[in-house]
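Asks: Here are the chains, one letter per residue:
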Amino acid sequence: MKVVKLHESRSHEWLVFGRDEERPSKIIDTNQYMIKTTNHAIMLDPGGIELFSAMLAAVVHHVPVQQITHLFASHQDPDIISSLGLWDKTLPHAELHAPWLWEGFLRHFGCNSIKYNPLPDEGKSIRLDEVELQFIPAHYMHSSGNFSVYDPQAKILMSGDIGAALLPDGAPLFVEDFDAHVDKMRLFHQRWMPSNRAKKDWIRRVRQLDIKYMAPQHGAIFRDRDVVRFLDWLDELEVGTGIA
Amino acid sequence: MQSGPRNSAHFFINAATVAAELSVVLTEAKNISLEAMNAKALVARAGDNVRTFKPITDFMVELANDTIWLVKEINREALTLSRNSLADLHSADAHERFKKAQERSKTAAFGDTLDSIAQEASNRHHQQTMQLRRHMRKLFELLDEIESRMLAANVVTATSRLEAATAADSYQASLEGIVVKLEKAANRIKHIASKCRHSLER
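Protein chains in written order, with the working numbering: chain A, 1 to 244; chain B, 245 to 446.
It is possible that part of the hints are untrue.
Unchecked claim - Calculated pairs, DSBU-like style, for lysine-lysine (alpha carbon to alpha carbon, straight line, at most 35 Å):
id	chain 1	residue 1	chain 2	residue 2
1	A	LYS200	A	LYS2
2	B	LYS350	A	LYS5
3	A	LYS200	A	LYS89
4	B	LYS343	A	LYS2
5	B	LYS439	B	LYS428
6	A	LYS89	B	LYS344
7	A	LYS89	B	LYS343
8	A	LYS184	A	LYS124
9	B	LYS343	B	LYS382
10	A	LYS124	A	LYS5
11	B	LYS343	A	LYS5
12	B	LYS350	A	LYS26
13	A	LYS5	B	LYS344
Think of the hints as simulated: they come from the structure by calculation, not from any bench.
Take these sequences, add in the hints, and give me the full structure.
Replies: Structure below.
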């Protein structure tokens, strides 16, 4: 599992875990994120059950497992959070922040000990030590209950499936050529994102944020100017094309 | 008797299948109960002519009631077993995944923070396996019991045949009919119980 530090400051670190070489074939590659503060750590979209061992092994290179006190699931998909049942055994005192809409569904993955903190539709903020994290509504992008996470200090937006690209094994972790990257994202966004109205709403919210990195759950991370280019590209893109 | 499942992955399906097959036994047991009622009515009508048949009808009623109770117990136990074997499968999977994480994090700065969690997963798996074995033993005991009841039924049908043969002509055919039905039901139940046992031993 490849681990890259996205941000490091006195108050906290952002780490991205991905490109696992031992990932079983036919399983979509995913990026997992962890924010480590002085006394806490939160894992954002900790991944599917098949990735659990690799993730857990990678995480303890950076924090004692007991320091992980929070989990976040942007939505309900198995590649996002089907490992929940195992995290539940690993971190029985942790809290899961996830859309209220999915509580009854996510509990099917096993959530007996972890506390489920339902995120209201309008979003909310939490504070881990000195770090504020904002859960930004991203409903219907693609899931009907969906959130992005924004860290105003690090200026990082974890965008979940928005900005996702289907890349070949060994692809770079950051977008290096935006124009070439567009081809890897187009179909995904057109087919997975169901609503142009929802898309516009999310773009409107996100344009108000100061973003250095936009970090999706699949594919490559956008830096600086590529973030704005992505928003402009998505703004123009017709989505919900599954209905012929 | 086997002390534990050879393959939990199939076992929870087999245990659920056993529960489903037992519904047939329940139907047969209810048929025995019905035949027992017929026999009782017949014995009451015939009076002294078939007096010796009365203990047999009593046995049939007892057999039907016991079988119904046993089937319900086996059904409950089989479903518990199916659930347990699935939990065992999950705990084995969790145990393996924690072990794998431990192996992969040998050089990690905080790798030792996984030790107690991995140990806990191992303990949980051990407990699940023990529980599974306990339920399996119990289920086999219940299947033993139902099979032994059916063997007893076979002995009684042999005796009943003799009794039916000595009854007055007007009652002979009816009594023989009851005996045949009892025998058929007992054999069918024995066959299903044996099939269930084989399913669990697979």
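Asks: Could you run down the list of hints and mark each one as holding or not?
Replies: Cross-check of the supplied hints:
Between LYS200 of chain A and LYS2 of chain A, the direct Cα distance comes to roughly 33 Å. Compliance with the 35 Å bound is thereby established for this hinted pair. A distance of roughly 21 Å separates the Cα atoms of LYS350 of chain B and LYS5 of chain A; the hinted pair therefore holds under the 35 Å criterion. Distance hint between LYS200 of chain A and LYS89 of chain A is unfulfilled; the C-alpha atoms sit about 39 Å from each other, more than 35 Å. Among the hinted pairs, LYS343 of chain B with LYS2 of chain A is consistent with the structure: their alpha-carbon atoms are about 20 Å apart, no more than 35 Å.
Distance restraint check for LYS439 of chain B and LYS428 of chain B: the Cα-Cα separation of roughly 16 Å lies within the 35 Å cut-off, and the hinted pair is therefore satisfied. About 15 Å separates the Cα atoms of LYS89 of chain A and LYS344 of chain B, which keeps this hinted pair within 35 Å; it holds. With a C-alpha separation of about 14 Å, the suggested pairing of LYS89 of chain A with LYS343 of chain B holds against the 35 Å cut-off. A C-alpha spacing of about 32 Å is found between LYS184 of chain A and LYS124 of chain A, which places the hinted pair at or below 35 Å, so the restraint holds.
Using a Cα cut-off of 35 Å, the hinted pair LYS343 of chain B and LYS382 of chain B holds, with the two alpha carbons roughly 32 Å apart. This hinted pair checks out: LYS124 of chain A and LYS5 of chain A have alpha carbons roughly 26 Å apart, not beyond 35 Å. Pair hint LYS343 of chain B plus LYS5 of chain A holds up; C-alpha atoms about 27 Å apart against a cutoff of 35 Å. For the hint linking LYS350 of chain B to LYS26 of chain A, the alpha-carbon distance of about 28 Å falls within 35 Å, and the restraint holds.
For the proposed pair LYS5 of chain A and LYS344 of chain B, the alpha carbon gap of about 24 Å is at most 35 Å, so the pair holds.
Going through the hint list in order, the structure does not satisfy hint 3, though it satisfies all others.
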